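Participant: Here is what each chain is made of, one letter per residue.
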Amino acid sequence: MLEIKNLHASVAGTEILRGINLTVLPGEVHAIMGPNGSGKSTLAGVLAGKSDYEITEGSVTFNGMNLLDMEPEERAREGVFLAFQYPVEIPGVNNMYFLKAAVNAIRKHRGEEELDAVDFLQLVKEKMKLVEMDQGLLNRPVNTGFSGGEKKRNEIFHMAVLDPKLAILDETDSGLDIDALRVVAGGVNALRSPERATIVVTHYQRLLNYIVPDIVHVLVDGRIVRSGPKELALELEANGYAPAATLQSTRS
Amino acid sequence: MAQTTLSTDYLATLDQLAARLPALTELRTAARAAFHDAGLPTVELEDWRFTNIAARLLRLEFVAPTADAAAQSDAVETFSLGGLASSRQLVFIDGAYRSDLSAAENLPAGVTLTGLADALGSQPELVTSLLGKYAPFENAPEAAFVALNTAGFTDGAFLHVPNGVVVEGPIHLLYLTTGAATTAVHPRTLIALGEHAQASVIESYAGPDGAAYLTNAVSEIVLGPAAVLDHYRLQREGNQALFVHTQHIHQDRASAFSTHTLSIGSAMTRNDVYATLAGEGIDCVLDGLYMPTGKQHVDNHTTINHAAPHCRSFEIYKGILDDQSRGGFNGKIFVQPDAQKTDAKQTNQTLLLSDDAQLDTKPQLEIFADDVRCTHGATIGQLDQNHLFYLRARGIGPTLARQMLIHAFAAEALERMKLEPLRTYLDDILFAHRPKELFVELSEPVSLDLATP
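Listed in order, the protein sequences are those of chains S and H.
If you use the working numbering, the first sequence corresponds to residues 2 to 253, in order.
If you use the working numbering, the second sequence corresponds to residues 54 to 506, in order.
Incorrect hints may have been included.
Which bits of chain S does chain H cover? Going by a derived footprint, with three or more residues having C-beta under 8 Å, they are [to be verified]: (1) 43 to 52; (2) 71 to 79; (3) 105 to 113; (4) 215 to 229.
It is worth saying that the hints were derived from the structure and are not from the lab.
Predicted model only: the values in this text are computed from it and were never measured.
All residues carry an ideal CB built from backbone N, CA and C; glycine is no exception.
Kindly generate the complete structure, drawing on both the sequences and the hints.
Facilitator: Structure follows, in structure tokens:
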């Protein structure tokens with residue numbers, strides 16, 4: 002589904018990603034862990050099409066398409082979803098109105114009929130339950146005045162409604178208390194399917210107790226230095242990232 | 054610099070116009086003299102620095118109001134707000150009241166809603182006791198347009214709501230200019246609400262594209278104790294028009310006034326609002342939204358005079374400037390020595406959609422009382438790239454994403470609107486695609502023979 006080859010990316014002339022190789026197959030859940038500044042969020046942003054990054058080398062193929070050539074909305078319509086680390090507050094843009102526009106842009110692209118207000122509401126009601134979303138938040142401006150937990154729930158709620166093929170969760174656990182974490186993780190787990198791939202970007206192992214990955218990658222200094230089964234996360238939790246980083250430097 | 058002068062022909066015309074409303078001769082003679090002495094304001098005046106109207110307006114003429122009703126009914130239909138006030142809509146063609154195109158139905162007993170010339174005939178004492186009392190022109194040249202309007206209007210709207218009477222549902226005053234060659238029209242509006250009276254009024258101004266004309270409107274609004282007026286003005290003049298509107302509001306104790314100023318059309322717009330809060334416990338809301346594109350120019354000036362204690366004023370003006378358009382905002386708040394416990398809040402926010410658009414903003418607070426809360430803030434920014442990316446990352450295309458964010462920015466300037474049907478109507482027209490080409494090519498300055506008498 003997703004194939005990243007030797008991906009290099011810079012921000013304002015500073016190289017952040019320095020040769021990422023990663024293959025994700027349908028149905029898989031990959032966790033990308035790493036210390037602060039290792040390039041985790043940059044990778045997520047590059048995949049979603051954020052324009053702050055300059056791709057200097059390498060390729061990203063998504064279902065046979067050159068992802069790097071596509072506009073952010075084209076990626077979303079093809080099924081790439083990014084749950085933001087910091088969902089932005091957009092005062093004045095109604096959450097429901099926005100989400101309906103998004104759903105219908107995606108449906109239109111897929112050649113499906115656009116949803117009318119009734120069908121959309123039906124879909125929303127069904128998906129809200131997944132993340133125990135408060136109905137009151139639906140008619141508020143996007144994320145405006147939401148608590149940290151509500152924003153993250155809203156992200157997973159968007160994911161549920163938009164039904165992506167590849168979901169990238171960028172530090173969805175940050176700032177969540179344990180109850181909110183359970184709810185959010187529960188939502189993500191409910192959305193696991195053989196057709197959908199998920200990349201979970203996180204700093205902490207705790208999230209992976211709830212969203213159990215198939216493969217864990219360790220990202221240090223813009224490179225994936227180790228990959229392994231879910232137990233690798235526990236090892237990192239116990240020993241920190243330093244041994245992994247050392248491993249990387251001895252390798253290179 | 055080109056500067057407007059007046060020919061004796063023009064003064065003769067003003068004299069002829071004055072003769073049409075003999076009850077007002079004294080007032081109009083004084084106004085004519087004030088205008089003649091001062092001439093039009095130039096950019097050397099601080100309050101007119103950003104709006105060089107004198108350079109665009111070299112000679113003024115009047116046209117006789119047309120009697121061709123059939124030709125106007127299309128325009129009336131176009132600008133009648135989707136019929137939301139069809140049973141109470143007064144139509145003015147080139148400043149003259151047209152009862153044949155108007156409706157004033159289902160009004161409570163005692164309410165007068167008619168043309169100003171008619172009202173001068175039927176209730177001369179009431180009209181002359183109010184008219185010109187609240188819109189001063191002595192401080193010309195700043196008030197030159199008020200002087201000119203006072204000297205030159207032939208008709209206008211008169212609404213009087215007696216004590217205790219509530220008019221439910223909106224009243225629409227529709228001023229249409231036909232745009233016959235180089236015309237100047239001077240619509241005049243007089244609204245007086247008695248004690249505890251209530252009304253909702255929309256003034257709208259519109260005209261055809263392609264015609265260089267001047268609309269120079271003056272509105273006087275007088276609110277008695279505890280009166281409530283919900284007021285709107287919607288400007289949709291043609292793409293070559295010059296539009297100047299001066300609005301004076303005089304509020305008595307415990308009255309509530311709110312107005313929304315929405316500027317859509319015209320090549321050059323100048324709006325002045327003066328609110329005098331003359332009694333205790335007054336609420337005053339002045340909100341505005343302007344969205345110039347192409348080479349449009351919109352300059353908004355507001356003055357709120359807190360003359361009594363315990364009054365509140367709130368003001369949000371939002372500008373969305375595209376292309377090479379130019380915007381101006383000047384917000385004056387005076388708090389007089391007696392006006393303790395004043396609560397005044399002023400906000401001017403601007404969204405620049407183009408590198409070539411330009412805004413001048415100037416808050417001006419003069420506070421002579423010591424126990425008050427007065428805040429003001431001005432921001433100028435561009436569309437937030439993080440917001441755009443968030444919307445696009447959910448599959449929404451860049452055009453719609455931009456539209457959603459522009460709409461969202463504007464929303465705050467409209468959210469205090471009480472008249473929901475008007476708000477819905479505006480949502481459609483404000484954000485409908487306006488071809489910017491319409492506002493790019495300005496006509497030559499309106500220039501005829503000005504040197505020879």
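Participant: Just pull the numbers of the violated hints for me, sorted ascending.
Facilitator: Violated hint: only 4; rest satisfied.
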